[in-house]
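In order, the protein sequences belong to chains A and L.
Quick note: the first sequence uses my numbering, first residue 4, plus one each step.
Quick note: the second sequence uses my numbering, first residue 49, plus one each step.
No lab work stands behind these hints, which were simulated from the structure alone.
There could be a bad hint or two in this list.
Across the chosen pairs, the derived CB separations fall in these ranges [unchecked claim]:
1. A:Leu39 / L:Ala209: 31 to 37 Å
2. L:Thr162 / A:Ala247: 36 to 42 Å
3. A:Phe364 / L:Glu172: 43 to 49 Å
4. L:Lys169 / A:Lys211: 50 to 56 Å
5. L:Gln237 / A:Leu241: 22 to 28 Å
6. A:Lys211 / L:Arg208: 51 to 57 Å
Think of the CB as a built atom: it goes at the ideal place given N, C-alpha and C, for glycine as much as any other residue.
In case you want the letters, here they are:
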Amino acid sequence: MSQANPTRTPARTPIALPGREPLLTARGWAAWCLALVVGCVLVPVLNLALPADSALHLSDFAVGLVGKIMCYAICALAMDLIWGYTGILSLGHGLFFALGGYAMGMYLMRQIGTDGNYGSTLPDFMVFLDWKTLPWHWALSSSFVATLVLVLLAPGLVALVFGFFAFRSRIKGVYFSIITQAMTFAAMLLFFRNETGFGGNNGFTDFKRILNVPIATPTMRMTLFVMTAATLLLFFLLARAIVASKFGRVLQALRDAESRVMFSGYAPLGYKLFIWTLSAMMCGVAGALYVPQVGIINPSEMSPANSIEIAIWAAVGGRATLIGPILGAFIVNGAKSWLTVAYPDFWLYFLGALFIGVTLFLPDGVVGLIKRRLGGQA
Amino acid sequence: MTPDLLEQGSARIAARQAALAAQAQQTASGGRDAGYGRMKQGQEVDVAHGRILYLEDVNVSFDGFHAIKNLSLDIAPGELRCIIGPNGAGKTTMMDIITGKTRPDSGTVYFGSTIDLLRYKEAEIAQLGIGRKFQKPTVFEHLSVFQNLELALKTDKGVRASLFFRLDSSQADRLAEVLHTIHLADSVQRQAGMLSHGQKQWLEIGMLLMQDPKLLLLDEPVAGMTDEETERTAELFLSLKGKHSLMVVEHDMGFINTISDIVTVLCEGAVLAQGTLAEVQSDERVIEVYLGR
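Chain A on its own, in the form it takes in the complex:
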């Protein structure tokens, strides 16, 4: 029964309540399909089918670079869900990325088999440390399926436990950011140690095969590229579905006025924990796609600076828009790969200046700028 019984009941025109938001608009779907075709058909054709001297040929270097940046874009998208939409700034997402990467790296190390420098079934670094058997946490590393599960589970569980205690204690704002930063730093120190069984400061490298197929072939490189592109596009749809649901609006409400959300009857813990853990798992997947493409994973991926960079991509592109962080990852990393070649000494200054500039002049990032230029508020 309606309790909102007004005192006066004038003749009313019925209100047109807005309907459910579509997952993507027609134009959105067109762009999405175009991206899918470019990533999964056009790039492979330009790279593999065209001869190297053709003007349209896409170099292996470009493919490698874009593949890497797409992994970063997944991280930026994950960061956007937790920061842009929920208002929780994590400066420890590099840890989740690295955990996914390490899970994949362990599998790739086992795939080397006896082709290592020491010819042992154990990974080289274990022989070097004079270990005779695999440590317990390598037990599942020979199975690809178990690795895929671990890629999701390892970052997911760390995030779930960490998030549960942090959100239950109502740690917010800058305090939360600092703790996440400390978390990834602590994990980095842990992974640097040889006795933890993750290859110390060298990490894992020198991969030979994946699923018993040689890893350093053009076809395999392209397969990984296509998978990364498809994953990014699917995650985009997933993020869009979440954001367009009432759940997504509760997240934004938490960002804008958490106490109002609580007094409206929503317990924030479950909401924050869900999106936080999902975000961490997305980063884990990005890490797992990244490692076979770049051929190395070591603890420096967990360094605080890496996590901060993820936040910068999201901020540059535009928080609380889903396309923004993806653009941001491409803009910043594109600039990085150009500047570190052209002016290697100035990259960090540029990064700092970029962040200050965006904070001061582009609070809504590049996407916000484009929207303002177009004059619409779509």
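Place chain L on chain A using the hints.
Below, chain L alone, put in the same frame as chain A:
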């Protein structure tokens, strides 16, 4: 069967029922079924004892400052109670205690006669049926008016339910009803952040209505409203009275005069006086601490 037989049959049944009723009247419990109390209706508030909110001997201090001192207060179902008092009297702190934001050092807080509010968290208390409007209008600025109301709607507020939520037609009707009530029917799609101060106050009140609470706590609901808006708010509150219990904290004496039955004056964390507005306004102690200044 013939009509005769039908009549005879019904006469027999009536006689039998009368005999049973007479027999029942002779029992010790006067005809009612024997029982030791009433069934507890889940999480429903039980107001059979004539009180929807009951505070007794509540004490709170913050860093040595005794904000609430032995506060005892109760509110009847359907009552509209106004609370006045000088700044720092503990009005907002009292609301914080009722809604679970602040834990008292001692005392009891009951919602109805069965629900001990001190056992619950903010979100649970809201779901039990206590709605709260803040002193500063608090709406979700980046969401539209429609989305604000939709979020407040009384429904399952778990994570999974929110992920798959769809507004059904009766909920949409209710939302439209509230939109009319709060006079925002032509601003459905506007961003809440773009509304005027008074409209934000109305939107927040609308969000409370969507929650369908049994008890509404309203902290300065007409602050910053125009005279016309204030008048409409008074009308709305009077229409809510009876079906809901309301606790209104206000400084606007004209507004209180319009809506109040009983006014409670708080001072230094305790009840100083209680009665009709005229009564408390003529009370010497009240004049001294508050009105006379």
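Hint by hint, here is what the structure shows:
1. A:Leu39 / L:Ala209: 31 to 37 Å: holds, 32 Å
2. L:Thr162 / A:Ala247: 36 to 42 Å: At roughly 40 Å between Cβ atoms, Ala247 (chain A) and Thr162 (chain L) fall inside 36 to 42 Å, so the hint holds.
3. A:Phe364 / L:Glu172: 43 to 49 Å: Taking Cβ atoms as reference, Phe364 (chain A) and Glu172 (chain L) lie about 44 Å apart, which means the hint holds.
4. L:Lys169 / A:Lys211: 50 to 56 Å: Once the Cβ atoms are compared, 54 Å apart, the range 50 to 56 Å for Lys211 (chain A) and Lys169 (chain L) holds.
5. L:Gln237 / A:Leu241: 22 to 28 Å: holds, 26 Å
6. A:Lys211 / L:Arg208: 51 to 57 Å: violated, 44 Å
When held up to the earlier numbered hints, the structure conflicts with hint 6 and nothing else.
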